[in-house]
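**Q** Each chain is listed here by its residues.
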Amino acid sequence: MSRIEVRIAGFGGQGIIRSGNIIGTAAAIHDGKYATFTQSYGPESRGGACAAQVIISDEPIHYPHLLDPRILVVMSQGAYNKYVPGLNRDGLLLVDEDLVELGEEAAGLRVLSIPATRLAEEELGRRIVANVVMLGFFAAVTDVVSVDALRQAVLESVPKGTEELNQRAFELGYEYGRRMADGG
Amino acid sequence: MSSEKGVLSGSFFMQGDVACAEGAITAGCRFFAGYPITPATEIAQRMAARMPQIGGTYIQMEDELGSMNAVLGASWAGVKAMTATSGPGFSLMMENLGLGIMTETPCVLVNVQRGGPSTGLPTLVAQGDMMQARWGAHGPYEIIALAPSSPQELFDLTIRAFNLSERFRTPVLIMTDAEVGHMTERVVIPPPEEVTIVPRRKPRIPPGDGYQPYVADDDLVPPMAVAGEGYRIHVTGLTHDERGYPATSDDSAQWKLIQRLVNKIRLYKDEIIEVEELYLEDAEVVVVSYGIAARAAMWPIELAHREGIKVGMLRLITVWPFAEEKIRALAERARAFVVPEINWGQIALEVERCAAGRVPVYLVPHPGGDIHKPEQVLAAIRRAVA
Chain A
1 MSRIEVRIAG FGGQGIIRSG NIIGTAAAIH DGKYATFTQS YGPESRGGAC AAQVIISDEP
61 IHYPHLLDPR ILVVMSQGAY NKYVPGLNRD GLLLVDEDLV ELGEEAAGLR VLSIPATRLA
121 EEELGRRIVA NVVMLGFFAA VTDVVSVDAL RQAVLESVPK GTEELNQRAF ELGYEYGRRM
181 ADGG
Chain B
185 MSSEKGVLSG SFFMQGDVAC AEGAITAGCR FFAGYPITPA TEIAQRMAAR MPQIGGTYIQ
245 MEDELGSMNA VLGASWAGVK AMTATSGPGF SLMMENLGLG IMTETPCVLV NVQRGGPSTG
305 LPTLVAQGDM MQARWGAHGP YEIIALAPSS PQELFDLTIR AFNLSERFRT PVLIMTDAEV
365 GHMTERVVIP PPEEVTIVPR RKPRIPPGDG YQPYVADDDL VPPMAVAGEG YRIHVTGLTH
425 DERGYPATSD DSAQWKLIQR LVNKIRLYKD EIIEVEELYL EDAEVVVVSY GIAARAAMWP
485 IELAHREGIK VGMLRLITVW PFAEEKIRAL AERARAFVVP EINWGQIALE VERCAAGRVP
545 VYLVPHPGGD IHKPEQVLAA IRRAVA
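Protein chains in written order, with my numbering: chain A, 1 to 184; chain B, 185 to 570.
Isolated chain B (complex conformation) (with noise of 0.2 Å):
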């Protein structure tokens, strides 16, 4: 059944969290560091089983400061690593996020979110995180998250989640929820030769004193060199000059740093937004959701039509970066927004500020514990075209 890759290709009744851990496994991730929480746990669970079978690294860490840190060490060393964690962990990480984007280290962080703040409930789905996905760690920079609704979802993203962390060298956020992540549905993992696999891009020079570890190509991303191979590095958080040294006397480099590391994703942001359109050629009122939120409002979309309204879906696969060109096109022709979300309002603001005032943005807010009722999501239909 397994090949000497690890892919279980097949169909499988798979739990979401699973469907998590053999994306990443398919897409070539051989390290795993963690510290259980419900309702991530079964993602560690899956890879302490599955890592020894493949020759990777499995292990469990002192807290989740530790578990983004080994990720971070793990992918200098060369190789493709996740953590995975839910919502209180997710805030333990943000410090060393900071310092995977701010180092320009490849690697895929998943949030399984459950209802904050603080420990909040720990079995219960919520999507309260997505604007500390956003903007968690501390100083300027772009993210890239994607937000699954299905397990067959959750393997796809993951190993898109590994490939985007590679092309743009940077972390990758996965925020997906206990809903999905605990969910069992069918999952197909395909033959490993018909999954698309981005590798790491290295210095196409030799070591030697010619090497400098942060000269970006043409598309602002550096190439990046293995800790062992030879090449001279120099990894910090400090900002630091295309040697990889601190320069920090004065705003010179952060100028040059800052900018590079927005635009390498900014400037290529529709290669990284993908977003499903349905019943949008006619919509007057457009729903915009993600994850378990958005497939949970197609239900009230139904009954919607049933009336006559004409409403359509823009389900954010990618939340982050913003597909704020698409819901700037839809604020021209549509008469409204309505966003179905489990937190007090957070994609809303950002609908809104692309919206820009020329119609309204109906909030559905759900504090988190359960997924919206589906007469919730009609009323705000009904609202929105009265």
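The following block holds chain A by itself, in its conformation from the complex (with noise of 0.2 Å):
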């Protein structure tokens, strides 16, 4: 079966629902994929914990929540303590190392971290970015979706004047994921 199940978790604000739907479009509009983008949240616009899932298919999706994630992205710790137990043991981890403190139950999980929300900042001078970073580095690292469709999704999600900014920090994460792909 080809069902990719992808959660993306962390707190509201930080553009997690936008990132699910930016994987969504990629997959559904630029890579002529089926996909279901879901998104579950607390009353609080900001600050609250926030998520949003993806299931992604060569087949159309009827179950449209999660049954097996197998790729999960977390940007707070909140997020971690809750979805991490359930994913995928063969799943694949995906953290923002300077929000997450991982425990015991990353145990035995292939985990991926990047700084993003830091390299929004120091790079790029724009934290609000990290999201799109996480995306980068999420093209670079998974084979979801074409990096390519990824790239002209989040060009096409964002406001108009700040495409130059997303692209570098799209590019900004993918060339960190494809460093670290590089050197094993």
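Derived from the structure by calculation, the hints contain no laboratory data.
Be careful, since some hints might not be right.
[Stated by the list, open to error] Covered by chain B, according to a simulated footprint, are these stretches of chain A (three or more residues, beta-carbon under 8 Å):
no.: 1; stretch: 15-27
no.: 2; stretch: 62-69
no.: 3; stretch: 74-84
The structure presented is a predicted model; accordingly, all values stated were derived computationally and were not measured.
Note that CB positions come from ideal geometry on N, CA and C, so glycine has one too.
Two chains, two frames, some hints: make the complex.
**A** Below you can see the structure in the form of structure tokens.
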């Protein structure tokens, strides 16, 4: 079965929901696959726990919720604590290493870390694009969607006038991921 | 990208609620009155942004009673009109839904269902308003209600709802839910020339003494004059004669009116009822469901197939009028029905009625707040063949 399930989680204001939408757009519009994107969040608009779920498949997606998530992206400790136990033991965990402290729950998982928020702040002066740095990293280290599709979806979905900033953020994360892959 | 008619032809990664709004616009809707409520707010939000772009009207009303009434008034002014709400607002709209049925006013009412009763679970899914959709207004009547299971279908069925409302001159309900409304998937909006639009049926005689607003055509549907075109009309929620005047001193006008209101839908139900049939050829167990519950049940059906169980799906795309004949026919050859729905047994009662004791009906209830887990539906399928 070609079904791949991805969860991205953090707190409101980090662009978590937008990131899920961007991955779904890349898959459904640019890669020509089926994609279902759902979101869960608390009553607060900022600061509360939130998560985006994306299912990508070569076939129509019937069951719209995650059954067996294989990829988890976490950008807060709360999200790590809540969702890591549900991740498949053969799954892949991507973390913002400055925001998440790994515990014994992560033992045995394939974990890839990036200081996405720090890179956004130090290299680009804007921590708001940390999620796009993470998307670039995601593009480099997974094969859920094609790199071009994801890059295009990022540029389409960001506010006008911020394309260059977001493009740089995406490439920053992508290069970080490529170097990690090259270095083994 | 957008044509002058406001149809955004193309492929989009679009939320269900937004697809609903775009379906309405594609169908020619140019009036939206509503009161924001989770999980239907994004429909109002989209309409608030889009109506001014295409010469339509968006109005946020003081509440849901006013919203439904504004929609009826807009329709009588000749504009295709819609409102959208969720459980608590749906309850408030029932009175004026009845007015729309009685006055034969074409319009579309969307209910993005959430957990109830009362304010219940504002952000979470349910299908608890299905019987309210059928009987929520007082009095005897027929209703048309559609149940989409994806953003694309929400787009398509919103167009269909407008067409049915014009064809039968009656309010049409879209009974979707928080899951479909807030889900984002690919939605393809076709070019305007590929979309079938049913226009308002206007009087074929000129304004004057011979015109009576409630003289029906052979199919029991009266043509509808638009206010301001010179026709003398009287519109009332009281039982009325063909002139539109109250006729309440005995039951003679009531007999005539109610029979026509019921039969204009009941006699043409084959034109309205749409179902999807999957693996039914040799099915021993038939899962009957609708909306998100039907979609989610497809996975346990696949799992049951792997166990060698012959199980199929009858998905009710039109929920009201009910697909009685289809279910009666299936009751002749299947061993059991399994009905997953996100309530404590509503459509299952209708399936039982049609099965008429010939085969058992297993309800798979859910109180709302989530969709069924696959194993819940799978367990019911196994029990049905045990």
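**Q** All the hints need checking, so say for each whether the structure fits it.
**A** Tested hints:
1. 15-27: Since three or more residues must qualify, the claim that chain B covers the stretch 15-27 of chain A holds, with 3 doing so at under 8 Å.
2. 62-69: Holds, because 5 residues of the stretch 62-69 of chain A bring their Cβ atoms closer than 8 Å to Cβ atoms of chain B.
3. 74-84: violated (count 0)
When each numbered hint is compared with the structure, a violation occurs for hint 3 only.
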